[in-house]
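All chains, full assembly: derive it from the sequences and hints.
Chains as they are written, first to last, in this note's numbering: chain A, 1 to 456; chain B, 1 to 197; chain C, 1 to 246.
Just so you know, not all the hints are guaranteed correct.
Here are the simulated SDA-like pairs of lysine to any residue, each with C-alpha atoms no more than 20 Å apart in a straight line [stated by the list, open to error]: (1) A:K31 / C:T171; (2) A:K452 / C:E34; (3) C:K117 / C:G243; (4) C:K196 / C:G243; (5) A:K301 / B:P21; (6) A:K2 / A:K397; (7) A:K2 / C:I185; (8) A:K397 / C:H60; (9) A:K156 / B:S175; (10) A:K301 / B:G17; (11) B:K3 / A:I94; (12) C:K196 / A:D22; (13) A:K2 / C:G181; (14) C:K233 / C:S121; (15) B:K14 / A:E65; (16) B:K14 / A:I339; (17) A:K453 / C:C31; (18) B:K14 / A:E430; (19) C:K196 / A:N429; (20) C:K196 / A:G432.
One-sided excerpt, in silico: chain B residues whose CB lies under 7 Å from chain A [what the hints assert, rightly or not]: (21) P15; (22) P21; (23) K30; (24) D119; (25) R123; (26) M145; (27) D171; (28) I172; (29) S175.
Derived from the structure by calculation, the hints contain no laboratory data. Glycine is no exception: its CB is placed at the ideal position from the N, C-alpha and C atoms.
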Amino acid sequence: MKEHAQKSAEFIRDESRTDWHDEALWFVRSKRDRAAHSIAEWEQLRELASQVKDNVLAHLDQYLEQFEANAQRNGVHVHWAADAAEHNRIVHSILEKHNVQRLVKSKSMLTEECHLNEYLTERGVEVVDTDLGERIIQLKEEPPSHIVMPAIHLKKEEVGELFHQKLHTEKGASDPQYLTEAARQHLRQKFLAAGAAITGVNFAVAETGGVVVCTNEGNADMGVHLAPVQIHCMGIEKIIPRAEHLGIFTRLLARSATGQPITIYTSHYHRPKVNGEMHIVIVDNGRTTQLGRADFRNSLKCIRCGACMNTCPIYRRSGGHSYGYTIPGPIGSILTPGIDLKKYSGLPFASTLCGSCSDVCPVKINIHEQLYRWRQVIVREGHLPPAKRQGMKWAGKVLSNPGWYNSLGKLTRWALRQLPRPFLYNSFNEWGRDRELPQPPRQSFKEWYQNKKTEK
Amino acid sequence: MSKNEILAAIRRNKPTGAVLPSIPTFPEGKASPVVTFITMVETGGGQVIRASGPGALQAAIENRFPDAKRIASPIPGVKSNVALGAIHSPSELEPVDVAVISGRLGVAENGAIWVTEEDCIHRVLPFITQHLFLLLDEAAIVHNMHQAYEQIQVDASGFGLFIAGPSKTADIEQSLVIGAQGARSLTVVLEPPLTSG
Amino acid sequence: MKVGLFIPCYIDQFYPQVGISTLELLEKLGCEVEYPTGQACCGQPMANTGCEEDAVAAYHHFVELFQTYEYIVAPSGSCVYHVRKHYDIIGQTEEVRKVRKNTLDLSEFLLDILKIKSLDSRFPHKVGLHQSCHGLRGLRLGTGSERVLESSSKLDTLLRMVDGLELVELTRADECCGFGGTFAINEPAISAKMGKDRIADHESKGVEVITAGDMSCLMHLEGILRRQNKGMKVKHIAEILNGTQL
Numbered sequence: 001m002k003e004h005a006q007k008s009a010e011f012i013r014d015e016s017r018t019d020w021h022d023e024a025l026w027f028v029r030s031k032r033d034r035a036a037h038s039i040a041e042w043e044q045l046r047e048l049a050s051q052v053k054d055n056v057l058a059h060l061d062q063y064l065e066q067f068e069a070n071a072q073r074n075g076v077h078v079h080w081a082a083d084a085a086e087h088n089r090i091v092h093s094i095l096e097k098h099n100v101q102r103l104v105k106s107k108s109m110l111t112e113e114c115h116l117n118e119y120l121t122e123r124g125v126e127v128v129d130t131d132l133g134e135r136i137i138q139l140k141e142e143p144p145s146h147i148v149m150p151a152i153h154l155k156k157e158e159v160g161e162l163f164h165q166k167l168h169t170e171k172g173a174s175d176p177q178y179l180t181e182a183a184r185q186h187l188r189q190k191f192l193a194a195g196a197a198i199t200g201v202n203f204a205v206a207e208t209g210g211v212v213v214c215t216n217e218g219n220a221d222m223g224v225h226l227a228p229v230q231i232h233c234m235g236i237e238k239i240i241p242r243a244e245h246l247g248i249f250t251r252l253l254a255r256s257a258t259g260q261p262i263t264i265y266t267s268h269y270h271r272p273k274v275n276g277e278m279h280i281v282i283v284d285n286g287r288t289t290q291l292g293r294a295d296f297r298n299s300l301k302c303i304r305c306g307a308c309m310n311t312c313p314i315y316r317r318s319g320g321h322s323y324g325y326t327i328p329g330p331i332g333s334i335l336t337p338g339i340d341l342k343k344y345s346g347l348p349f350a351s352t353l354c355g356s357c358s359d360v361c362p363v364k365i366n367i368h369e370q371l372y373r374w375r376q377v378i379v380r381e382g383h384l385p386p387a388k389r390q391g392m393k394w395a396g397k398v399l400s401n402p403g404w405y406n407s408l409g410k411l412t413r414w415a416l417r418q419l420p421r422p423f424l425y426n427s428f429n430e431w432g433r434d435r436e437l438p439q440p441p442r443q444s445f446k447e448w449y450q451n452k453k454t455e456k
Numbered sequence: 001m002s003k004n005e006i007l008a009a010i011r012r013n014k015p016t017g018a019v020l021p022s023i024p025t026f027p028e029g030k031a032s033p034v035v036t037f038i039t040m041v042e043t044g045g046g047q048v049i050r051a052s053g054p055g056a057l058q059a060a061i062e063n064r065f066p067d068a069k070r071i072a073s074p075i076p077g078v079k080s081n082v083a084l085g086a087i088h089s090p091s092e093l094e095p096v097d098v099a100v101i102s103g104r105l106g107v108a109e110n111g112a113i114w115v116t117e118e119d120c121i122h123r124v125l126p127f128i129t130q131h132l133f134l135l136l137d138e139a140a141i142v143h144n145m146h147q148a149y150e151q152i153q154v155d156a157s158g159f160g161l162f163i164a165g166p167s168k169t170a171d172i173e174q175s176l177v178i179g180a181q182g183a184r185s186l187t188v189v190l191e192p193p194l195t196s197g
Numbered sequence: 001m002k003v004g005l006f007i008p009c010y011i012d013q014f015y016p017q018v019g020i021s022t023l024e025l026l027e028k029l030g031c032e033v034e035y036p037t038g039q040a041c042c043g044q045p046m047a048n049t050g051c052e053e054d055a056v057a058a059y060h061h062f063v064e065l066f067q068t069y070e071y072i073v074a075p076s077g078s079c080v081y082h083v084r085k086h087y088d089i090i091g092q093t094e095e096v097r098k099v100r101k102n103t104l105d106l107s108e109f110l111l112d113i114l115k116i117k118s119l120d121s122r123f124p125h126k127v128g129l130h131q132s133c134h135g136l137r138g139l140r141l142g143t144g145s146e147r148v149l150e151s152s153s154k155l156d157t158l159l160r161m162v163d164g165l166e167l168v169e170l171t172r173a174d175e176c177c178g179f180g181g182t183f184a185i186n187e188p189a190i191s192a193k194m195g196k197d198r199i200a201d202h203e204s205k206g207v208e209v210i211t212a213g214d215m216s217c218l219m220h221l222e223g224i225l226r227r228q229n230k231g232m233k234v235k236h237i238a239e240i241l242n243g244t245q246l
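Have a look at this one:
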């Protein structure tokens, strides 16, 4: 339960690094603001996107069937996976069939969620993540700390040292231009040698049976068009009804994510290339369960833009790794309790409920309201530490009873005035570590008011 | 079978209602779409040249990349020294310095250009080339993505995409670097030129 | 009109001057104000910790106490938001619905109900406005910087009615201060860091006084200011509007 608090306290210990991390993400949030404010109909687009996604959730079965039929008509192999294990097995069997030894991957949070890399590596497949940020953390053997900028937690000097060790760049070199060029040369060789390419999916169009992938680097396309076999892995919620809806989502996605008006490449894959094979793996892995939770199903509307992370004052000051899940930040904090309520019971509390996440969300997910609702579920299921639970029961009694409330208030104020400092400021007082307690007045407002009335 | 299980679970758990909204027509803005388009391409790190006719296009290529050794283009009139029809494996395109490809449609609000497989001959060409030229008819520039998706048919080609600039990344400390895995530069050649200059 | 004055528990106990200013201001503006002395708490501390069921007694008590008033006014966007938003788990009797609908933050009451256009108060200082989140994004007392709408802010509008007051523009217009109720003690490190960062923004603009619609944010910021021995002060907006001097 306290895991996030501990990890964030560790993160904050290096204050200048925390400030650097906070500023880097605030910079992205500011770019997002400028991009959003350049579109007069922004709020209308968010509403439309939200409504389209509501419709998708209400007809998900029909759209998925329609999508499959159209994709098959296009010559695409469609697979269904109930969970991560099945997803990994399916991918591996495709690779085995084509005797693929080397695989390139573009960004896919789904395959991170399924731990596909580990699964394939154990079975002798070389897996290379080709998004620069993903490649950095793969070489560093770390999970991503952000869904759009996976290596946002690393400084260029750290990337320079890593590349020096792994890619033999010059010692001490940390110029991003130089490091990116080194990665380009390294990855070109990987693209040319790959037997298959995997991508995530931003949107799957039911009406046409195609998938859309958005990147800035062009890495998804370098992989997909060079390798004989292409595999696109998608969660069931990636469906949109018609191609015309891409107009709404492509206008929102990049502006929300990085402040760009659109990603550099917005690729629409409908049929396999000449002499190529195209597969789509549709994955549930807990999503249908989330669909059944009326208070939380809305989280399935997420288009993975990362805007809620960039705006979250807590994420910015605690880093993605403090959340302990592939998808961190506010959206991660409402997805994870549905996956493992006990394990992630601290995350809905890693928030001040400030609501900024809900207001930047391009599909209007009520994130902060869901955080509040998850807290209620966590307590109901008995995952609040017993002392805290008991404290709240007691607080509930005192704070609804004016007599007890008045007496306890008076006593507290008296204690705050009378007790010597060491009694008030010690390891039990979490408030007092960095803050002074309020200076208690002799009279409460109520006492003042009652005196005033008797004087009259 | 997992498919049936997944679909059954969806049917059990899905909400009801929620009609699909219709997409309204949004105001187009006062600025000329061509002017906005040029600004957006430049903001995205691309260059825009106005050139009329194959001669001007050829001159623009030679002017910008005088040292290019391998130029690949299916456009008649562009001096291509890579026989795109003779390529068997897309990896053979790795040495291409400059690719010149026709775009179908431009989008003013973001500087994106719709390109299809048929225009590329090989899907990988606009990515694997070191530098990319996209030829676009000025009259084919629309205001926004809604208009773009109205005009194109996304599944008319096995592969189609919007390109909005040179390949880029900001994955190291949010520093923008042009030339990640795809083309290092994008030059958009608009034709015909604006008579108003 | 008869106004029921709702003074949140921590204001009652620690910041009585905020309650006094609210009462005096409303009376100056011609309202008949009553403070039901049976009040305790709106229930938010328990509910925000996930213990909604432990807050139900407080909800019922609140409704019973305030059901007869035409308006219920409080100097706290956060507590008002809680009553309006989260009193949905108890039976929605006519009384409950009436209380939820008519509970207003002071700024809403002044601008939307009393429709005041001017104030007789003077505060010749450089002031930084902290936009408390529940008021801003919960009650929509203003346009958050995230939203693409015509910009407006009730608190800003009110402060501009005060003579001599210079309102500064912050680098981050409406970032959370890090209080967050029990968050402040569950995640003390990050909570304090957020507060320090907010203060630094105000400090860099030469702010003398930080004001807000919620005293809870200010209690947290004041705690940090005092620990760091900074000269900057905090004042609830009701105090400034009522003409309290430094």
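Going down the list of hints, with the structure as the test:
no., hint, result
1, A:K31 / C:T171, "holds (14 Å)"
2, A:K452 / C:E34, "holds (13 Å)"
3, C:K117 / C:G243, "holds (16 Å)"
4, C:K196 / C:G243, "violated (28 Å)"
5, A:K301 / B:P21, "holds (16 Å)"
6, A:K2 / A:K397, "violated (26 Å)"
7, A:K2 / C:I185, "holds (11 Å)"
8, A:K397 / C:H60, "holds (12 Å)"
9, A:K156 / B:S175, "holds (9 Å)"
10, A:K301 / B:G17, "holds (16 Å)"
11, B:K3 / A:I94, "holds (18 Å)"
12, C:K196 / A:D22, "holds (13 Å)"
13, A:K2 / C:G181, "holds (16 Å)"
14, C:K233 / C:S121, "holds (19 Å)"
15, B:K14 / A:E65, "holds (15 Å)"
16, B:K14 / A:I339, "holds (18 Å)"
17, A:K453 / C:C31, "holds (17 Å)"
18, B:K14 / A:E430, "violated (44 Å)"
19, C:K196 / A:N429, "holds (19 Å)"
20, C:K196 / A:G432, "holds (14 Å)"
21, P15, "holds (5 Å)"
22, P21, "holds (4 Å)"
23, K30, "violated (12 Å)"
24, D119, "violated (14 Å)"
25, R123, "holds (4 Å)"
26, M145, "holds (4 Å)"
27, D171, "holds (4 Å)"
28, I172, "holds (4 Å)"
29, S175, "holds (4 Å)"
Hints 4, 6, 18, 23, 24, counting from the list given before, are not met by this structure.
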